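These protein sequence lines are chains A and B, in that order. Per UniProt numbering, the first sequence runs over residues 1 to 534. Per UniProt numbering, the second sequence runs over residues 1 to 534.
Don't read these hints as lab results, they were simulated from the structure. As the structure is a computational prediction, the values presented were derived from the model and not from experiment. The beta carbon of each residue, even a glycine, is placed where N, CA and C say it ideally should be. Be careful, since some hints might not be right.
Said to hold, decoys possible - Think about it this way: if two alpha-carbon atoms lie no more than 30 angstroms apart in a straight line, the pair counts; the simulated DSSO-like pairs of lysine-lysine are:
| no. | chain 1 | residue 1 | chain 2 | residue 2 |
| --- | --- | --- | --- | --- |
| 1 | A | 358 | B | 136 |
| 2 | A | 365 | B | 358 |
| 3 | A | 365 | A | 379 |
| 4 | B | 474 | B | 136 |
Said to hold, decoys possible - Now the stretches of chain B that chain A is said to cover, found in silico as 3 or more residues with beta-carbon under 8 angstroms:
| no. | region |
| --- | --- |
| 5 | 237–247 |
| 6 | 503–511 |
Chain by chain, the residues:
Protein chains: 2
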Amino acid sequence: MRRWNGWGDEGFNLAMPEQGQDFLASRIGSGRPLADATLDSVCAKVPETRLTRPADLVSLIDTGPEARVRHARGQSLADWLAMRSGEFGVFPDGVAYPTTSEEVQTLLSWAAEQHIHLIPYGGGTSVAGHINPVDKGQPVLTVDMSRMNRLIDLDTDSQIATFGAGTPGPLVESQLRAHGYTLGHFPQSFELSTVGGWVASRSSGQQSLRYGRIEQLFAGGRVETLQGTLNLPTIPASSAGPDIREMILGSEGRIGLITEVKVRVTPLPEHESFHVVFFPDWESARTASRLLVQTRTQLSMLRLSNAVETETQLALAGHPRLIGMLERFLSLRGAGEGKCMMTFGITGSRLQTRNALKEARSICKAQNGVYTGTRLGDKWAAKRFTMPYLREALWQMGYAVDTLETATDWDNVDNLLGLIETSLRDGLKDQNENTHVFTHLSHFYSQGCSIYTTYVFRVGDSYEETLARWQTLKTSTSELIVNNRGTISHQHGVGKDHAPYLPVEKGELGMLAIRSLCSTFDPDAILNPETLVK
Amino acid sequence: MRRWNGWGDEGFNLAMPEQGQDFLASRIGSGRPLADATLDSVCAKVPETRLTRPADLVSLIDTGPEARVRHARGQSLADWLAMRSGEFGVFPDGVAYPTTSEEVQTLLSWAAEQHIHLIPYGGGTSVAGHINPVDKGQPVLTVDMSRMNRLIDLDTDSQIATFGAGTPGPLVESQLRAHGYTLGHFPQSFELSTVGGWVASRSSGQQSLRYGRIEQLFAGGRVETLQGTLNLPTIPASSAGPDIREMILGSEGRIGLITEVKVRVTPLPEHESFHVVFFPDWESARTASRLLVQTRTQLSMLRLSNAVETETQLALAGHPRLIGMLERFLSLRGAGEGKCMMTFGITGSRLQTRNALKEARSICKAQNGVYTGTRLGDKWAAKRFTMPYLREALWQMGYAVDTLETATDWDNVDNLLGLIETSLRDGLKDQNENTHVFTHLSHFYSQGCSIYTTYVFRVGDSYEETLARWQTLKTSTSELIVNNRGTISHQHGVGKDHAPYLPVEKGELGMLAIRSLCSTFDPDAILNPETLVK
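Looking at chain A on its own, in the form it has when it is part of the complex (with noise of 0.2 angstroms):
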């Protein structure tokens, strides 16, 4: 069953290790950890529904309260804090669970006709805010599009696949897999989140330096929308014009709700292989991570962890005799004290990832790169979507965990992330908390990367308190990303906690286009509302 009030299955729990509790403390001090609402207590506070379903809608709306506590928030930290703390505040009125594109515009007509604002929701995942409920006076309705799973068409010759929107990740897989197939579109949400949800947000998974960001896999589809049915049709290139499909993309429930996603998709690999490689310090390993990309090396993942974070992954790992012999040899050839830790994948034919290792083991070692093989590789691979449970975890023992993310050019890489790691580290200082705060690059380009931060801080005495510490953090630092030429978002998307630095980056005239695009569409602001655009 899924968790009511955190990431994931109820069944599965990350433990922690005793060094990594150890570790922590010694960082930042010991947790205690607040007391958790219980759903029962939370569904009491529900309030009526403003629906008045119509006959035929009665049995595809769920208005109870348990359904409309399980779609009211994602998973970013303030979601986090309002589920364990129970304090909601606003709830959507319902649940619609359409099962086709015709329902879907059933849905549309009737809250045009009733001025009802539509959610739209894959899996729940957003971690900035996208499906959570405003309340603007008029009732709320989710629409969870769970029941539109399936693959409904795979065209081999063109490999491109046809999914109901609402597919989840596993789902994707596993229906293309049963075909030979593979999306190869692997976000760290890829248990939950769905494929009309990358499309919505413009995803980005793990191996996007194969297979590309969703942008490059997303071909075409279907799109319902108050003005009727968007049809997206599927065309490998083109120049005729402005691309639509670019403006679905990140649209984020405003445009429309999406139905049907095209993706293409690619044979299962020949091989797979992930490998770690150990640089003596930064300045190496980022050079090293940047050849490899620049030079275009055959790579489908890459993971470059700073000094700190690679500290921290190696003290949280448990194992403490192995890391220690680990420890001794890196040190031995050169990767000691602030070593950082690359991971990378090789995904292809025989030949292709026999070159590819060959080529990339050769830039590696000209930066004093020290290869370590694919044990600690397979060890990432086999819990690459396992890192959302360690929230979980950490909650248990008081701390508050959450991660900002951006992307920038090469040569603004080390200043932008040395800017994020101090606005992190010393943000909480005037209450004498520390933060701790450690960063990996991924998502690899000839231009730039992206910068992904990690931030664990101790919760407060209270859940208000937690919040306030967690905005300051992510206020302050969200305005540094984006006056110092960083995206406010590489992966996450906008929802409404990053609605406010949009401007920055988009600038007056990027913020006009994107408005007059919403408001074509949707003229009186039923869809998603304040996600995006206020």
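We have chain A; now place chain B onto it with these hints.
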């Protein structure tokens, strides 16, 4: 000196070998050339300008007849017939030559105030009527960007170069080459077309398989609009809402005038070579080309001629003795009558290109391809930008030549190719005229490819008759393309000629989105009227 009434440099002429003439005569009969108008006679027809230049713009704007003649038409076949007959129709009222973004903004303000139509002009190489003035009862000012032709900045860390939008292909490459870099964007119009024009019309180069289309190369820049300056910051990738760059790409002067373009560049490669393989038949050749791209073999360029194009190219190549020897050799290896020629390029490090060649040869061999080495590939590379000069040579012989191009998914390639060729081949049958038609595939994607069809027909007894022949062929085939899952253009853009077919491709709601964008930035519709959307 640039030809005023045709393609390229006056000093360069492509000779048609005798057997090429015989070949065409045997296919469609001998031609009877039409008489050309002189530049003087056309200049004499240019009406008085309707522009009253304010003092500060006098030196910026040329209202003399020759400049106005030279900027009145592009390079479509209809433009060609207008230029050769001297029947231009509408001329712009003047030509501005701004040197800075600020001057462009001054021109925009003046145009808005006086309701003057502005047409941005790059290399004047449009084959779809992008830069042709139309008579809307108001003066027309063509804005020639050729004085903004410099490399403004090169960031070698992030591999981003900033160019003035009017920089033509050779100046892009020579200025980058001086620093050891290349953009790698080589459309057939490379000699004259500009980086701003590439962005405005979503251009694609011959080596897009390595370097990407202009969509992938365009990192940001500056656009002057009637609402002010739109700055597009460089960010490697972002999930922050719809991508504004993608709205400028393909905007064809309807949103604003692009003045600066930031592009992603690459260090000059260690190795580059072009190779030719012949296949016994179309089926095996098409399969090989699909597999080459779907296996992600690191090619930089791929082109596959069908049997008639292969035959035509060999006939027009001259050197009948050498070609005869080649054909006997190929025939012995199984590639006789009906053979298809594939050219592929490999570019990159020695290791990468060695491996790519190995992979490519193995895939081709499995489809019975006969590899012939680099000799014919070198010929292709040497002549890669000279094909547009062929129109001049054919014109002198009384033939008109034009091309049609589209892109579609693999499952539809053979169907659409067949429809296009049949439509063109039979299009003049009721006039008892034959059309010589041949096709190649180029610009390959895992999902599909572009289809590029050339057609040659005899000019009529008059310009009117010749234009009518072209219109018959162009109209019916364009309709057929958009009604059969093809894009109205993979690489030439929409302009005025393709605008009638765009609504079928984009759909009613796609057109609504594009129109709303245009009118947001240009509510009085003074920019490049009737281009892109009517």
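Violating hint indices (sorted, rising): 1
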